Amino acid sequence: MTGVTLKGAIKRYGQTQVIHGIDLEIEDGEFCVFVGPSGCGKSTLLRMIAGLEETTEGEIRIGQRDVTHMDPAKRGVAMVFQTYALYPHMTVAENMGFGLRMNGVPKAEIDKKVAEASEILKLDPYLKRKPKALSGGQRQRVAIGRAIVRGPEVFLFDEPLSNLDAELRVEMRVEIARLHQEIGATMIYVTHDQVEAMTMADKIVVLRDGRIEQVGAPMDLYRDPDNRFVAVFIGSPAMNFLECDVVDGTVRHPALTDTIPVTKGVPSDARKVTLGIRPEHIGVDRSGDTCTVDLTEALGGVSYSYLLAPNGDKLIVEERDDQRSKAGERIGISVRPERAMLFDPESGQRLR
Amino acid sequence: MTGVTLKGAIKRYGQTQVIHGIDLEIEDGEFCVFVGPSGCGKSTLLRMIAGLEETTEGEIRIGQRDVTHMDPAKRGVAMVFQTYALYPHMTVAENMGFGLRMNGVPKAEIDKKVAEASEILKLDPYLKRKPKALSGGQRQRVAIGRAIVRGPEVFLFDEPLSNLDAELRVEMRVEIARLHQEIGATMIYVTHDQVEAMTMADKIVVLRDGRIEQVGAPMDLYRDPDNRFVAVFIGSPAMNFLECDVVDGTVRHPALTDTIPVTKGVPSDARKVTLGIRPEHIGVDRSGDTCTVDLTEALGGVSYSYLLAPNGDKLIVEERDDQRSKAGERIGISVRPERAMLFDPESGQRLR
Amino acid sequence: ELTGELRIFLDTSNPAPRATMEAMIGRFAEKHPGLEIETTVIDREAYKTQIRNFLTADTPDVATWYAANRMRPYVEAGLFEDVSDLWAEPEIAENLASTKGALTIDGKQWGVPYTYYQWGVYYRKDIFDELGLSEPKTWDEEISNCQKIIDSGRACYTIGTKFLWTAGGWFDYLNMRTNGFDFHMDLAAGKVSWEDERVKQTFANWKQLIDMGAFIDNHQTYSWQEALPFMVQGDAAAYLMGNFAVAPLREAGLTDDQLDFYQFVTINPDVELAEDAPTDTFHIPANASNKEAAREFLRFVVSAEEQTIINNGQNLGQLPINAKSSVDDDKFLQEGFKMLSTNSPGGVAQFWDRDAPAEMAKVSMEGFQEFMVKPDNLDKILAKLERARQRIYDN
Amino acid sequence: MTAVDVTEHESWFHRNQQRIAPWLFLAPGVLFFMVYVIIPVFQSFNLSLYEWDGLGAAEYVGMRNYEDLYWEWVDRDAFYVSLKNNLIWLVMYLLAIPAGLFIALFLNQTVWGIRLYKSLFFFPFVISQVVVGLVFTWFYDPTFGLLNEFLSWFGLGPVNILGDERFVTYGIIFAGLWPQTAYCMILYLTGLNAVDPEQIEAGRLDGAKGGRMLWHIILPQLRPATFIAFVVTIIGALRSFDLISIMTQGGPFGSSRVLAYYMFEVALSEYGFRMGYGAAIAVILFLIMLCFIAYFLWSMYREEKGH
Amino acid sequence: MFPKPIEKQPRAVQISYQALLPVALLLWLGPLLAVALFSIKPEADFTNANYWGLPSSFEGAKNYGQVFFNSDMPRYLLNSFLITVPTVIGAVALSCMTGFALGIYKFKSNLWIFFMFVAGNFVPFQILMVPVRDLTLDLGLYNTKTGLVLFHIAFQTGFCTLFMRNFIRALPFELIEAARVEGISEWRIFWYVVLPLMKPAIAALSVLIFTFIWNDYFWAVVLTQGAESQPVTAGITSFNAQFRAAYHLMSAGSIVAALPPVAMFFLMQKHFIAGLTLGAVK
Ligand SMILES: Nc1ncnc2c1ncn2[C@@H]1O[C@H](COP(=O)(O)OP(=O)(O)OP(=O)(O)O)[C@@H](O)[C@H]1O
Ligand SMILES: Nc1ncnc2c1ncn2[C@@H]1O[C@H](COP(=O)(O)OP(=O)(O)OP(=O)(O)O)[C@@H](O)[C@H]1O
Ligand SMILES: [Mg+2]
Ligand SMILES: [Mg+2]
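Heads up: the sequence lines are chains A, B, C, D and E, in that order. When the first sequence is numbered by the working numbering, its final residue is 358 and no position is left out of the sequence of numbers. When the second sequence is numbered by the working numbering, its final residue is 358 and no position is left out of the sequence of numbers. When the third sequence is numbered by the working numbering, its final residue is 1588 and no position is left out of the sequence of numbers. When the fourth sequence is numbered by the working numbering, its final residue is 455 and no position is left out of the sequence of numbers. When the fifth sequence is numbered by the working numbering, its final residue is 284 and no position is left out of the sequence of numbers.
To be clear, the hints were calculated from the coordinates, so they are not data collected in a lab. Computed from a prediction, not measured in an experiment: that's the story for all the values here. All C-beta atoms, glycine included, are put in the ideal place defined by N, C-alpha and C. Each hint should be verified, as a subset may be incorrect.
[Said to hold, decoys possible] Which chain D residues stay away from chain E? Per the calculated CB distances, all over 10 angstroms, these:
{"hint": "1", "residue": "Tyr208"}
{"hint": "2", "residue": "Asp216"}
{"hint": "3", "residue": "Tyr218"}
{"hint": "4", "residue": "Gly303"}
{"hint": "5", "residue": "Gly305"}
{"hint": "6", "residue": "Gly355"}
{"hint": "7", "residue": "Pro368"}
[What the hints assert, rightly or not] The calculated lysine-lysine pairs, modelled on DSS-like cross-linking and capped at a C-alpha distance of 25 angstroms, are:
{"hint": "8", "chain 1": "C", "residue 1": "Lys1524", "chain 2": "C", "residue 2": "Lys1330"}
{"hint": "9", "chain 1": "D", "residue 1": "Lys357", "chain 2": "E", "residue 2": "Lys10"}
{"hint": "10", "chain 1": "E", "residue 1": "Lys10", "chain 2": "B", "residue 2": "Lys13"}
{"hint": "11", "chain 1": "B", "residue 1": "Lys136", "chain 2": "D", "residue 2": "Lys357"}
{"hint": "12", "chain 1": "B", "residue 1": "Lys136", "chain 2": "D", "residue 2": "Lys453"}
Please model the complete structure; the sequences and the hints are all you need to start from.
Set out below in structure tokens:
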């Protein structure tokens, strides 16, 4: 088992640069998730690690080996594709054993490995079936099985669950997490579903436009994002942002009755600052009347109110109690200073 | 503007009956959502109202008019399809104006109406484009625009958002809700996404196998479901069910340290009863040790713990505080009697 | 003793000639058991296009073809073997003298003939009798005969011009009778303008027949065989054709009482009668591999006995080219033989498409066909032919 | 194991297999295609500058063959007739498209046995044009043809379609339309299968019916089928040879020739063997076709780039 | 479905539609049925001008017997098979490879090579006539089935490549990537992964090419002569020359010549139509 190291990895397609020098260290046995908006380069980065895309510059190491220009097959990685990429004309067992067979592994050994993998994934009843005769979740399991059989040092997953429906997605998510615990290999997982990222990852890598925005454990990113982009990306509904004035060392906003003290990071000459606050951290003050409730959405246990601040800023507030806001109502809101985060209005960098 | 009334509406395809006599009253200006599992007849019912499917028996009224056997184009309804069904060879403006053009409306008037609708939907910049050159959300807006332009009395939506990705879905959901407020027409909306149903509906119609299970306002269904089917269907994660014994007028379960008094509806001779409790209504008792935490998923503001009760029942608990359960930990749980619902273990009917 | 393989290509695809040739080859094979003979019979029309190919590739040892201009391109391209040596043999030199000219180009002989046949008018004697007609001798008689036939609801002549050459036969006769053999040959050689008054006179005569409805309708859609039934069924009274038409007519059920023959009538009494008598020939391709056997085969074909056999009434029903062989006592052959040897002072033509260069033959016969369908287009047609003449003979 | 020794162990071929493999896979096919198709096209261009009877040596004549063709054009001669007929073919043959659409619409139902009907309707397409030609020759036969039999029921006829220079081309085209219509029918039937039913329903809600539905909603969706039908029909029309050869041999008096047949006649038929001249005609035909090839490739190129 | 599904129409419309179908079919296939009728008539019917009446006696066996035992027809048929089958195998094999190369690999000239095949496929083949004939002559393959087969393979490769390449393009590319990650060589990817997936395309293409080649007439005339190598389409014309005006035999001969592709079509209908609409170009 080995970790993965990227040093200044760059990818260019012709003139256009897609990955702009990624430095990243993934520990042995870690579950690392790449997230980011569509087109940010998640898949490209993963495929560079797999060797399916040539790395233009920089270095990729798996364990001690420099694999930058190595053949995909030699890297000791296995990849699970979004579309599963099962060979439709082979049975489940054949699919899983194909790579070994082509590499001249004796039949008995193949059978043994396939049996092991299918036991882990509970695929025994389906070994003789063709992929067509399987459900989406089962297919996904076969794809994972195919990866396991080869006993790779690193597993690569490219949005493996995005073709499943919501229920199955939850189920398979749990299963992959369990698999990771069981075999303990390094896994790199691409998704744009932040629930998956939050729930599965040991380490989340947030990408934007081919650059790393932040790397860290899920709850660290949630609690302590480095910049506005990460703050928006992690957590749902997304964090609210209020454009505030800095007056006398305090942060003020017309929607807030109380003020929030500036943090260390705020430059002394700052006049404006962006305050970030998650919907679940806003307190509702029914007696106040700074904001108008524009719309409410009740989801049962929780409901979201869309508020309009006096200066036109929009806010979403999560409410859980039985007493909830109604559209048209006017309410006040409160923010606890330790929950508030301050960002540079221009660069979006966290000020702390 | 007018409501829609169904009286004993039945649909048969050859021998198989698909809709078994639906009686339903939808008020003028109401936003009514049909939900239910796949194949329950939501689309069929909607299409019967649209006139796209012949109604085998029964009566359909729109306002005062009996439209049961009327031509779809004459009913004063407009429909938005799941796949948008935009005419790919027409520009956005042509798409929106096509219905009017077919009905011989003068060009100037068509242009005016298209301009109005595109203003509401912020489609102005795209009027000259073909649908291919639009994003999913824009297409969806065009489909809605096409419906608006015809100025129908009733809007019909068949899973209009299911082809959009999660973010857009939220955005469009809000937009449709606003549209409803703005033009105030009667809207019937099919979905199997319960968030949509909860947030948008004035009235939810829960269907199962071509029959109505329950009709009511969203929070009414959430708080007071008629049966287990509706209880499962509304609310996410789904309600937990515990098979309990009735002992001495109280309901007991090994996972619960305290007992819950039986409600009126429970027959006096009942020995078993199913207790329903939503994940958000379970209290965690860190000092207790009736349940094992199997797995936890932290989503930021909220986290879900998957618990194993002593008798093997599985439970999901929602936790919000900073102190959360960890996998492997043992905890106790508590249920407030007013949050618990009792169901007949056999029929699934609510006992109240 | 001859050995090896002898490949023979034949264009005698109609059933009767095919059988005749195969029988003849059988007899040849008997005499030369060491020889492995392979015979390929190709559809007569297809053969005309394919000869190019097989003369250059996959070449047989013996192939049928036609005399005179028709063989010129192959002679000039060096694809036919010079067989002057055969013609030097006394046996052939003496007995085949009459056809030597048709096979001579540049003073050498390039093949041997195996049959020739007269052309003329084959007619339904029973219909003539029924209408009280007798064989015409002059143009006027011809016209009046024809008128009577037409009045009886029949066409005078059947003809199928789909493959064009049948119309060429009519032109041959009309032109030779109107302007004489030499003029005809000059025209074929491109020495006379098609817009010459004399040519126009030929067409004027032709038009006379056409206008009165002498020919069957829709002849442009039929091959010559497809035109036969009109005569057999009595819808047409006569057929201007080569003697090979007799066999199928007989086969179709016409007896010798019903069928008779006369020489094409005189039109311009000032010109001498001339006839069409196309000669069919055997050649040895220059690329042949077994020329020794091929020569032997040619000798065999022209031998007096074989000529007697293959040309008799049961077989080809045509005229032998060997002076020593006897003409079958079939009445048509006798009559034809007599006609050609005594009553053709003007000369003997091969046939329009053998006397004229191929390209000209094609264009002109197309013109004849058009003329037969649309006689009013004559001027246009002649202008076109004249242009073609200038182009073709120019090169 | 280090990167260096890995690469050393691999053969050059192995390391570059992704770069070499396509060329190895392509080699036989490209070779064949070059030798038999691409090079001959250029040879034909070259040959059209020569006069050659296929036997002796070729004589360079420059543009003479084209000049001759030009004069034939001016004189309303064979070349003119062929070109004119080709245009008639092009235009008339396109009738197969609406006809095929019509039949496809007619058959686009689900009733018992419809599959069999569909395949029987498709039948003419599988039959050789040679047989089609024979069949129609008899159909048109002036004495006993079914056509005249049929016309006589209405007191019409007889007409000799193939013997009349006014009708002959149309007669042959009609025969050609028979299989071609079947072909277009199949294309449209599969096209109709792919028509989005929701769009039809949207159309119904919008009040489009019958012809207007067909025109505004169905036909635009059948565009791919129409495009393909168009391409194959044009190409079929320009390549038309078999039928003419079988039915009329270009007659009567050359009035049913098209370029494809004319060039065959000039180059390889009984009275022909003007190879250079034939090649010149082929070049003209090729240039006409080139418009369509270019159009096809262009639309294909756009599609490829669109992906 | 358009037009309105017939099940939703009134009963009367449904019945008249059902009745109209066979009538339309009869009209549509009229000429062909006439030939079938001719082929079982005795010769006498034609001399008696009984062209369209019922056959005065059933002579199908005799006529077809004549075709099979008393003419070159069986030889022509055999030739057709010997030409068609190797062509199908050759063209499909070549185009599987070219299609694979063009469909899977990205290299600069990819699209241009592809376009070369496509353009070549649309060339009016008359322009190839003289050079190809000369080439065949030079190779010593004139009037051999081999000569015809080689040309057909080459020419059909254009169409087949278009077809195969588009088919392979539609395959999920991940399959190839998955295989590459597993360390499978390109040749084995072709053989073990792509080829099995191309079975439907191969079937469709085979059927299609079979009928194309079987029905070829032009090249048969240009490149062969005589019964030893000509296929049935060319054979039928000389057959007809031999039995000129014997309509019963000509009809029987035509039917025999038409039968194999028709049988092919019926047996392999699904593939055939898939082929047409997938490749969609002749
Ligand atoms: N072959 C290519 N040529 C040029 N640009 C490419 C190519 N492949 C990808 N790109 C570009 O690289 C960028 C990153 O693409 P990538 O597929 O890695 O995004 P992603 O993060 O996986 O997105 P998604 O979530 O949609 O899968 C995109 O802007 C894309 O347009
Ligand atoms: N044309 C038809 N013939 C026979 N049965 C049909 C037909 N159309 C629909 N059904 C049946 O009617 C039932 C209801 O179908 P419907 O499409 O209304 O379900 P739905 O609730 O919209 O499901 P989904 O959420 O999957 O869209 C299904 O069981 C379906 O199989
Ligand atoms: Mg991606
Ligand atoms: Mg539905």
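Cross-check of the supplied hints:
1. Remark: the non-interface label on tyrosine 208 of chain D is consistent with the geometry, its nearest Cβ contact in chain E lying 16 angstroms away (cut-off 10 angstroms).
2. With a cut of 10 angstroms on Cβ distances, aspartate 216 of chain D stays outside the contact zone with chain E, its closest approach being about 17 angstroms.
3. With a minimum CB-CB distance of about 19 angstroms to chain E, tyrosine 218 of chain D clears the 10 angstroms threshold, and the non-interface call stands.
4. Every beta carbon of chain E lies more than 10 angstroms from that of glycine 303 of chain D, the smallest distance being close to 17 angstroms; the non-interface claim holds.
5. Non-interface call for glycine 305 of chain D relative to chain E: holds, since the shortest CB-CB distance, roughly 14 angstroms, exceeds 10 angstroms.
6. Non-interface call for glycine 355 of chain D relative to chain E: holds, since the shortest CB-CB distance, roughly 15 angstroms, exceeds 10 angstroms.
7. Interface exclusion of proline 368 of chain D from chain E stands, the closest Cβ pair being 12 angstroms apart, more than 10 angstroms.
8. A C-alpha spacing of about 19 angstroms is found between lysine 1524 of chain C and lysine 1330 of chain C, which places the hinted pair at or below 25 angstroms, so the restraint holds.
9. As the CA atoms of lysine 357 of chain D and lysine 10 of chain E are separated by approximately 15 angstroms, the hinted pair is consistent with the 25 angstroms bound.
10. A distance of roughly 23 angstroms separates the Cα atoms of lysine 10 of chain E and lysine 13 of chain B; the hinted pair therefore holds under the 25 angstroms criterion.
11. At roughly 23 angstroms between alpha-carbon atoms, lysine 136 of chain B and lysine 357 of chain D fall within 25 angstroms of each other, so this suggested pair holds.
12. For the hint pairing lysine 136 of chain B with lysine 453 of chain D, the CA-to-CA distance comes to about 18 angstroms; that is within 25 angstroms, so the pair holds.
Hint compliance for this structure: every hint is met.
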